[in-house]
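Asks: Each chain is listed here by its residues.
Number of protein chains: 2
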Amino acid sequence: MKKRAVLKDVARRAGVSEMTASRALRDAPDVSQSTREKVQQAAVEIGYVPNRIAGALSSMSSNLVGVVVPSLASYVFPEVLSGISQGLKASPLKPVVSVTGYDLTEEESVIRELLSWRPSGLIVAGLEHSDAARSMLASADCPVVEIMDTDGDPVEHCIGISHLEAGREMAATLLDCGYRRIGFIGTKMARDVRAQKRFTGFAERLDQAGVVLTDQELYEDQSSFETGRNLTARMLERSPGLDCIYYSSDVMSVGGYMHCLATGLNVPQDIALAGFNNLQILRGLPLELATTDAHRFEIGEMAAEIVLSHQRHHKKTPPVLRRLHPTVSLGGSLARGG
Amino acid sequence: MKKRAVLKDVARRAGVSEMTASRALRDAPDVSQSTREKVQQAAVEIGYVPNRIAGALSSMSSNLVGVVVPSLASYVFPEVLSGISQGLKASPLKPVVSVTGYDLTEEESVIRELLSWRPSGLIVAGLEHSDAARSMLASADCPVVEIMDTDGDPVEHCIGISHLEAGREMAATLLDCGYRRIGFIGTKMARDVRAQKRFTGFAERLDQAGVVLTDQELYEDQSSFETGRNLTARMLERSPGLDCIYYSSDVMSVGGYMHCLATGLNVPQDIALAGFNNLQILRGLPLELATTDAHRFEIGEMAAEIVLSHQRHHKKTPPVLRRLHPTVSLGGSLARGG
DNA sequence: CTCGGTATCGGAACCGGTATCGTTACCGTT
DNA sequence: AACGGTAACGATACCGGTTCCGATACCGAG
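Line order of the protein sequences matches chains Y and B.
Our numbering puts the first residue of the first sequence at 1, with every later residue one more than the last.
Our numbering puts the first residue of the second sequence at 1001, with every later residue one more than the last.
Wrong hints could be hidden among the right ones.
Stated by the list, open to error - Derived lysine to aspartate or glutamate pairs resembling EDC-like cross-links, with alpha carbons at most 16 Å apart: (1) Y:Lys3 - B:Glu1018; (2) B:Lys1038 - B:Glu1018; (3) Y:Lys89 - B:Glu1106; (4) B:Lys1003 - Y:Asp141; (5) Y:Lys89 - B:Glu1018; (6) B:Lys1089 - Y:Glu113.
The set of hints was computed from the structure by calculation and includes no laboratory data.
Here the structure is a predicted model, which is why all the values come from computation and not from measurement.
Full structure from sequences and hints, please.
Replies: This is the structure we're talking about:
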């Protein structure tokens, strides 16, 4: 097999210098139209694939945007990624996704790895990081955007919603509907800080109204319909008087709803359900489930936009803090006077 | 802000040459234990983040594994990615994911982009590519694994299932159960070649039994519960005599099932349903839906394993072709003698 | 004491591009 | 004809590591 073609080969074939070939292929100025065509033609003929590694080293920059998310399996982050892709679509920037598995140590190593590729930007889910990770982010020579959450102290830019507020609002909504015997089903908090914040806000607001949480169930596994269904069954058996359950995710509330469908419970007459995220999976169910919109797609789009604007202005822009509003929708799984 | 630390700074601080520092940090041989510790300590002290771009350029290789998938939103590819991550976990290799949106032109540019980073391996979903893409894959100087599908002509390694066979098997299963008035709901074929193959195999097998497809509906949008529900409603209205519907994806069959739940149709007495993929979302429903397991996780794991083995043996290993068996499960949505 | 071998380390070339700046050719002006 | 200005192009020095090979030190053996 013959060796991979390099710029020199293109240049030779086009009868120009490497420099001119480089400029021609990058659509850089200072190249005549005819030369440009000659070079591009030559590149095609020998099947030249540029070496971005060399290019990036020399120009001290890459067209990569690092994206750090805790998981791809949760249905929520793919939507964020779509937003990012959408925002980056018209630019030469490419997203590179890494997954942490909700592990801060892993996150640290993933951030180090991404930074070692000198990306044009870094988008990280969440505000909680190890000290080392945080200091790497702070001294990174590219824009850093923390997304999803605004309850905390951002390193630089930040786009998201307040999960504390989301929890409070849902509590207020449920109280408003008249529910008083309320259960909560959520992930083991250490794994998902944002779920914890929602729970905190939720409990606070209930407390403020003099209502205590009737029951509560935490799970360690991944969120799934199955887990939601099982835990709901268990909780309803244990606390038959419940009139409402708040889940840390729509995935779980759908699971709960499946339990109700399977056992003939009426929602919301027998039991009211509310989730979080406003995921796509809520569309198409026999009943619309109450939820809070977390604006995932927009968050991704806006994060991409921030990175792009740095790119355009060639300098640090002032830190952006954009707090979107977590919008509660009642659907048909809550009833006023429930 | 002070300049980013480079290897030279580490070396100076540790009182050794750049070469020794480089070796120490890479756990390369020819460094005494004491020196190694001194260097690593120095690196930590000044917060050294290695520049992989420079490292990759000079060593002519990177620890990246490119992964090309059509979409992340479909619930199916995240599971493949989990398998890949799992398989790569114990190695220094890192997956880099790019999305094509089921567009072969986009796929070509994404492959070019990934190859320009000189990855240690490339994992691509599907066997259908543009000519240019295929020739890039063929001349790539890293292992190339095409996954998901085995109906076609692999460039090098290939891990997947035969979707033709999957379609045939499901047809056989449905015929076996006694269904004769069968409908099909699937994506517009141009987008998803594997769905097309399943359909082809399915139709072939029906034909062989002298059964003609009673109705058929193709959609362009993304698969979703909602689309599945709507199209099912439309099809059942149009063809009231149907006794069974085969969907190109579990996402759609769940949507169909939701329609039945919402309208009080009994599954499988009134209508039988079958999907494809054996997705996680099938767990927890009131009724287990029939499906075919596509072995997504294992496929990802095995693909990673192939890349790793190239890494270990430092040379081309002979092309692997691994055809997994698409396993049909009846669940409760098909009934013998239906 | 000399020699060969091993462990440890350093110098220099190089990987494949790009930034920078200098050079050349060519144009219209005066 | 001399001149200044601009467009197009090329020579050179990097970018920050790693490979390759040679140098040095230290050891036990002869």
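Asks: Would you mind confirming whether the straight-line C-alpha gap from Y:Lys89 to B:Glu1106 stays at or under 16 Å?
Replies: holds (11 Å)
Asks: Is it true that the CA of Y:Lys89 sits at most 16 Å from the CA of B:Glu1018?
Replies: Distance of about 41 Å is beyond 16 Å: violated.
Asks: Taking 16 Å as the top limit, are the C-alpha atoms of Y:Lys3 and B:Glu1018 close enough?
Replies: violated (30 Å)
Asks: Given the hinted pair B:Lys1089 and Y:Glu113, is their Cα-Cα distance within 16 Å?
Replies: holds (14 Å)
Asks: Verify the proposed pairing of B:Lys1038 with B:Glu1018, using a straight-line Cα cut of 16 Å.
Replies: holds (13 Å)
Asks: Verify the proposed pairing of B:Lys1003 with Y:Asp141, using a straight-line Cα cut of 16 Å.
Replies: holds (9 Å)
Checked against the numbered hints above, the structure violates hints 1, 5; every other hint is satisfied.
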